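Undergrad: Starting from the given sequences, assemble the full structure and let the hints guide the process.
Respectively, the protein sequence lines represent chains S and X. The numbering of the first sequence is the working numbering, which starts it at 2 and goes up by one. The numbering of the second sequence is the working numbering, which starts it at 2 and goes up by one.
In short, the hints are calculated from the structure, not lab data. Source: prediction; values computed, not measured. For every residue, glycine included, the Cβ atom is placed at its ideal position computed from N, Cα and C. Possibly wrong hints are sitting among the right ones.
What the hints assert, rightly or not - Here are some chain S residues pointing at chain X (derived, C-beta under 10 Å):
(1) His-75
(2) Asn-82
(3) Asn-99
(4) Arg-105
(5) Ser-165
To be verified - If you want the footprint, here are the derived chain X segments under chain S, 3+ residues with CB under 8 Å:
(6) 12-19
(7) 188-198
(8) 242-248
Here is how the chains run, residue by residue.
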Amino acid sequence: MRPVAITVSRLTKKFGEVSVIKDVSFQVRTGSITALLGGNGAGKTSILSMLLGLLTPTRGSIELLGHEMPSDRHLILARMNFCSPYVDLPKRLTVRQNLDVFARLYGIRNPSYRIERLANELALEDFIDRPTGKLSSGQGTRVALAKALINQPDILLLDEPTASLDPDTADWIRGYLRNFQKETGGTILLASHNMGEVEQLCDEVILLKSGTVSDAGSPFSLLKKYGYQTLEEVFLDIARSKEVSLNQSPEPE
Amino acid sequence: MTSQKDSLDQVIEKGFSLMRVSAMVRRYVYLLQSGWVRIIELAYWPIMQMILWGFMTEFLLNSSSQVLRAGGVLIAAVLLWDVLFRSNIGVAVSFLEEIWSRNLAQLCASPLKSYEWGISLVLISLLRTLIGVVPAALLAVPLYHFSIFEMGLPLVAFFFNLMIFGAAVGLAVSSLVLRYGLGAESLAWVGIFLIAPISGIYYPISTLPDWLQTISYALPSSHVFEGMREVLGEQKFAIDRFLKGLGLNLFYLSAGMGIFLATFRIARRDGLLMQIGE
Chain S
2 MRPVAITVSR
12 LTKKFGEVSV
22 IKDVSFQVRT
32 GSITALLGGN
42 GAGKTSILSM
52 LLGLLTPTRG
62 SIELLGHEMP
72 SDRHLILARM
82 NFCSPYVDLP
92 KRLTVRQNLD
102 VFARLYGIRN
112 PSYRIERLAN
122 ELALEDFIDR
132 PTGKLSSGQG
142 TRVALAKALI
152 NQPDILLLDE
162 PTASLDPDTA
172 DWIRGYLRNF
182 QKETGGTILL
192 ASHNMGEVEQ
202 LCDEVILLKS
212 GTVSDAGSPF
222 SLLKKYGYQT
232 LEEVFLDIAR
242 SKEVSLNQSP
252 EPE
Chain X
2 MTSQKDSLDQ
12 VIEKGFSLMR
22 VSAMVRRYVY
32 LLQSGWVRII
42 ELAYWPIMQM
52 ILWGFMTEFL
62 LNSSSQVLRA
72 GGVLIAAVLL
82 WDVLFRSNIG
92 VAVSFLEEIW
102 SRNLAQLCAS
112 PLKSYEWGIS
122 LVLISLLRTL
132 IGVVPAALLA
142 VPLYHFSIFE
152 MGLPLVAFFF
162 NLMIFGAAVG
172 LAVSSLVLRY
182 GLGAESLAWV
192 GIFLIAPISG
202 IYYPISTLPD
212 WLQTISYALP
222 SSHVFEGMRE
232 VLGEQKFAID
242 RFLKGLGLNL
252 FYLSAGMGIF
262 LATFRIARRD
272 GLLMQIGE
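TA: Here's what the structure looks like:
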């Protein structure tokens, strides 16, 4: 059994009286690609935000690479990174300048070497000195990915990594992520709506519904358990189910 | 603590990191380099102000006021006010740049610490202020035969105190923008004007009513402008004024940084870091 990279225990987040994450617990094994799967408002982005220290949990604990988040935030963040459609890089800076700034923020001793390497791997050379705001959607996603890989993270968090990309570019990104994981042994946790992508890419799936974990397991085991052919059917079954989630604990009074 | 990552030449620093501060300064310098309009804009208003008040000074030189007849008082006041204004706006606008570009969450999810970012904002504000004010100060020499540099060391003391005070206000204003969103953006430009009437920029503090003078002397800027008039009018540098201003600045800078750090804690609690933006 591989060691655990991420341990989330009884995580709860409330905004006022509204609970967006309710007593969520899960583990992500080191070197795995795991998906957080759920509909809009299921809590995927909130969980990723708490893992990144951008959102403080109301209750519960998060352990990343053996360190507590948020108390050891600055140690952990140097070994993590993320990519999300909800954030951008400064548009007026060139791709190279943006990567240079983030390389230094992550403590990379030789930023130029690292940037050249990523530019080569992610085919950024043709536009690396162009302002980031003047890139196409596909180019922008590759640049965002380059930023997310600048510190060769041990944990990579991806929020909708192929959203708004054409099928060819999306497939290329998936292939790249698979190779990255194999070569570095890093752990990838991705939030997605794209069932096909999750089936192709992920070793484990955590199904979320209304801020709780509905079910979890490998794509194969989930298909077998629910008796469907695709994860989309499993997802729809869970999303439309009125049943109480499988591992939902009652809210403490 | 510093540790090495085997597969990548990376240094992971738990404490203060000069590398991260310089990375952020570099980020704002890249932004300034991204278009000559940004550089021109920085120097534009200080030069316009200096020209306007320079002509006003020439007119007033024939007036009866002893203070105003001390050549260059108004020009010096305009230039020093711009130091305060530019240092405040230098912090606030640099912070706003991250919100406008939806980069806030990327920075906050990096190893950058909030206080390291605060320090880098103060440093870039210093650079922006110098770019803005120095050309105007130099232009005043051929245009009005007034060189603010003739003040010598007192000028450095005034500049330093105004710079720090402006940055402290800038940090507080940035915190308000983070807390209340871009609806509070205009405070970046107008917030500092709240203290302008009671800082004695163009008139002595004694002009103010007694109760307002008490408030005025709680501001480092008032000690600077009073000190400036003494240097230009009486050729006397009051070290006690400088020290009072410095002491007050220590308080205001600590308060500004404290508010900045506390607001980040609130932003993390309320989920503002992912939401705020255009």
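Undergrad: Would you mind marking each hint as holding or not holding in the structure?
TA: Here is how each hint holds up against the structure:
no. : hint    : result
1   : His-75  : holds, 5 Å
2   : Asn-82  : holds, 8 Å
3   : Asn-99  : holds, 8 Å
4   : Arg-105 : holds, 3 Å
5   : Ser-165 : violated, 15 Å
6   : 12-19   : holds (count 5)
7   : 188-198 : violated (count 0)
8   : 242-248 : violated (count 0)
Hint compliance for this structure: hints 5, 7, 8 are not met, and every other hint is.
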